[in-house]
Amino acid sequence: MKDAAPQTIHLKDYTPFGYRIDSVELTFKLHPTATRVISKIAFAPNPAASDTRFFLHGEELELISAAIDGAPVTPRKVEGGIEADVPDAPFVWEAEVEISPETNTALEGLYMSNGMYSTQCEAEGFRKITFYPDRPDVMAVFTVRIEGDQPVLLSNGNPVERGDGVAVWHDPWPKPSYLFALVAGELINHPDSFTTKSGKEVELNIWVRPGDEDKCAFGMEALKKSMKWDEDTYGREYDLDIFNIVAVDDFNMGAMENKGLNIFNSSCVLASKETSTDANFERIEGIIAHEYFHNWTGNRITCRDWFQLCLKEGLTVYRDQMFSGDMRSHAVKRIEEVMILRARQFREDNGPLAHPVRPESFVEINNFYTATVYEKGAEIIGMLRRLIGDEAYRKGCDLYFDRHDGEAVTIEDWLASFEEVTGRDLAQFKQWYSQAGTPRLKMSEAWDDGTLTLSFTQTTPPTPGQTAKNPQVIPIAVGLIGPNGDEVVPTTVLEMTEAEQSFTFEGLGARPVASVLRDFSAPVILEREIDDATRAFLLAHDTDPFQTWEMGRMLAKDTLIAMIVRDAAPAPAYLDAIRAVLTDETQDPAFRALVFGLPSQDDLAQTLFDAGITPDPQKIYDARESLRHTVARHLSDALPTLFRPTEPGTFTPDAEGSGRRSLSLAALSYLALLDGGAAATSLFAQADNMTEQAGALQALLSAGLGTNELQTFETQWKDDRLVLDKWFTMQVASAAPEKAAEVAEALSHHPAFTNKNPNRFRAVFGALSANHAGFHHDSGRAYKLLADQLIRLDSLNPQITARMSGAFETWKRYDADRQGMIRTELERILATPNLSRDTTEMVSRILSA
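The working numbering numbers the first residue of the sequence shown as 1117 and each following residue consecutively.
Bear in mind the hints are in silico, worked out from the structure with no lab data behind them. Any given hint could be a false lead.
[As the list claims (entries may be wrong)] Below are the DSBU-like pairs computed for lysine-lysine, each with C-alpha atoms no more than 35 angstroms apart in a straight line:
#: 1; residue 1: K1193; residue 2: K1834
#: 2; residue 1: K1585; residue 2: K1511
#: 3; residue 1: K1389; residue 2: K1834
#: 4; residue 1: K1511; residue 2: K1128
#: 5; residue 1: K1156; residue 2: K1145
#: 6; residue 1: K1156; residue 2: K1128
#: 7; residue 1: K1673; residue 2: K1585
#: 8; residue 1: K1928; residue 2: K1585
#: 9; residue 1: K1511; residue 2: K1340
#: 10; residue 1: K1546; residue 2: K1145
These numbers were taken from a predicted model, which means no experiment stands behind them.
Start from the sequences, fold in the hints, and give me the full structure.
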């Protein structure tokens, strides 16, 4: 049945729930199609609330019985749940409901994944389990009894009772319902332990399906490193007797931080050198850290309402970024973070889906798990730390943890701790949370007898619902480099607060070159007149790794834009500069690999659009391919030296090893254009690790080769679901523009394809939308294909459908014919009978551009 007309929820309308909860007791009698959930909840009036209506959320529940203080009652069914008349005093609510996990394809609430029971309750999935005030500001202590014939029965907290067909779990820490978790199935644990700084021993387990036991060791080490890092860096110890992680195949998200029972998409925890790439290892390390860090930034202290989602997510992303930098390379990690921010969040900020880091309203909260909330939210934390310094940041965090432990809080509560510690007024800084869009920072320079003046003007373009923009607080990290390449002024943070502002550097002997926005000190677009010679100078002499990479990227982008717009030849300055960096053995190999990379087709399309030029996806593709071949020929003598396969039996997934492989495989991708794929074919045949096997196959496919290797790969890995996802993705991602839709459609009919598994669906259709020239081929075939798939998927999994519809968000960049074709498909999606609320909101927002 189609949802009722979507109702917009506004931040300004927040009111506390009318009742607090003293305790929750849940009993689950598991059955694939008829699970019974019995709840016993102790309520009491909330003196802080003005609305005393007793309303409990509930969706897709069959109510068997209900009682208040032991007396049967018949609640009133209302939109989104039930209401009842209750005493004006403490009372006990009891209810029994029936649900069907096996038919729950939306993967929200309690569902089944290949015979295993699992839950996903964030943001509003608990209301599909039982009637409850399913909102983050209602926190309670849970005791959970699970009855079933599965050998492993898990829930939040500490085990109280374990027996044949029964388990009881008690979580002593109050939590909102979105952090509830339950898992039941045939699982095997990879055990370990961790001793906290105060001497408490914690039992650790990673639970997996039989056959995956050999893929847990890396994840366990990442967990222990995360626990120690949080103690050392933030002073936060773990607070339960046990910490469990479970790998689940069918999962909408990457992972979920449920208190003491983290549930992970299998792709985000299972790892071995034979089946996982270096990128997989790094991602797993970061995600395990992220979910563990939520124990304090999200669980012990949670968000008052879903408008504060960035408070837990932005802060925790920042924490996992710092952890990953400490484990690997801060310089490389920072560049990768900026690449992701620009590719996802800047795109979001500049389109119809733009919204503040803390939105003012939403229809479906699932649609706001966005790059703006996560990545831009993390950038705000980084700017705050940069402005107040490391010591004040730590003191502010300590005060926040001490003051709000066990509470559901707001952005204002977070910032108040830092205002108290520093004495600063952060009112203007708070605009980063409320103002959408990416600021444009225009810079000019003036030199006068030993004094350099840097002048900046900041503007933020209008975004949906926000036309007028105020000046932001922007930390601009600047260093000055003398004509001889020496740094004459080390990194200095300029604090910009006005629409126009100038800063001077005096007493300089000669005019220096300014290195501006070091370490990408603020999420802004810097507009600066700078010639290729200056960029090449900074590429050679800048001490800031981000700026070094940025100059190389800008040289590459300018070269490509000139090739696209003017049919120019590749710039010699770029070719010479990239050779100098790539052959510099003193540089980190991982950094050199990043310099090797070319700007993405999507990045080039946005750059052209911002310059007032309608991007032609085919021309962008052709120019990029032409430059790839030119770079390969220019570096033909150096590529064989840069390509250094890992010696058999020596693979390690650490920063050093992955850095070497990233540079080697980057060189291989160019070498394959020159040697007919000989080196890649040899590596594919002899590699003893997935990084090099998949890297060799990708190099062959990108060179238009590899048909036999593709078949070999499928045959070898057809029984490994996660590796087979890679096989699907590589084919679509590497397909020529005119073939991309055809390849994706053919793969959608492959026996191993299913749209019920989010990983597999994304492997094909996420790859199609990321194949820029293929997705935007002038035939429009990819637009129609994706729309067909989304219409089919929506009734099964609205969350994934809504997120995948974001592939169309940049439609206004392109020519009238492409816009017309995309509009037709979006309108067709929107006209689908019984379209979910999730997808309706997303498609409507995209069409409103």
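Status of each hint after checking the structure:
Of the supplied pair hints, the one linking K1193 and K1834 is violated, its CA atoms being roughly 49 angstroms apart against a limit of 35 angstroms. For the given pair, K1585 sits about 32 angstroms from K1511 by alpha-carbon distance, which is consistent with the 35 angstroms threshold. Taking the CA atoms of K1389 and K1834, the gap is about 17 angstroms. The hint holds against a cut of 35 angstroms. Note on K1511 and K1128: the hinted pairing holds, with a Cα-Cα distance of about 31 angstroms set against a maximum of 35 angstroms.
For the hint linking K1156 to K1145, the alpha-carbon distance of about 15 angstroms falls within 35 angstroms, and the restraint holds. This hinted pair checks out: K1156 and K1128 have alpha carbons roughly 32 angstroms apart, not beyond 35 angstroms. For the hint linking K1673 to K1585, the alpha-carbon distance of about 29 angstroms falls within 35 angstroms, and the restraint holds. Under the criterion of a C-alpha separation no larger than 35 angstroms, the hint pairing K1928 with K1585 is consistent with the structure, at around 22 angstroms.
Restraint check for K1511 and K1340: the C-alpha separation of about 25 angstroms stays at or below 35 angstroms, so the hint holds. In summary, the hint linking K1546 to K1145 is not supported, as the alpha carbons are separated by about 47 angstroms, beyond the 35 angstroms threshold.
Of the numbered hints listed earlier, those contradicted by the structure are 1, 10.
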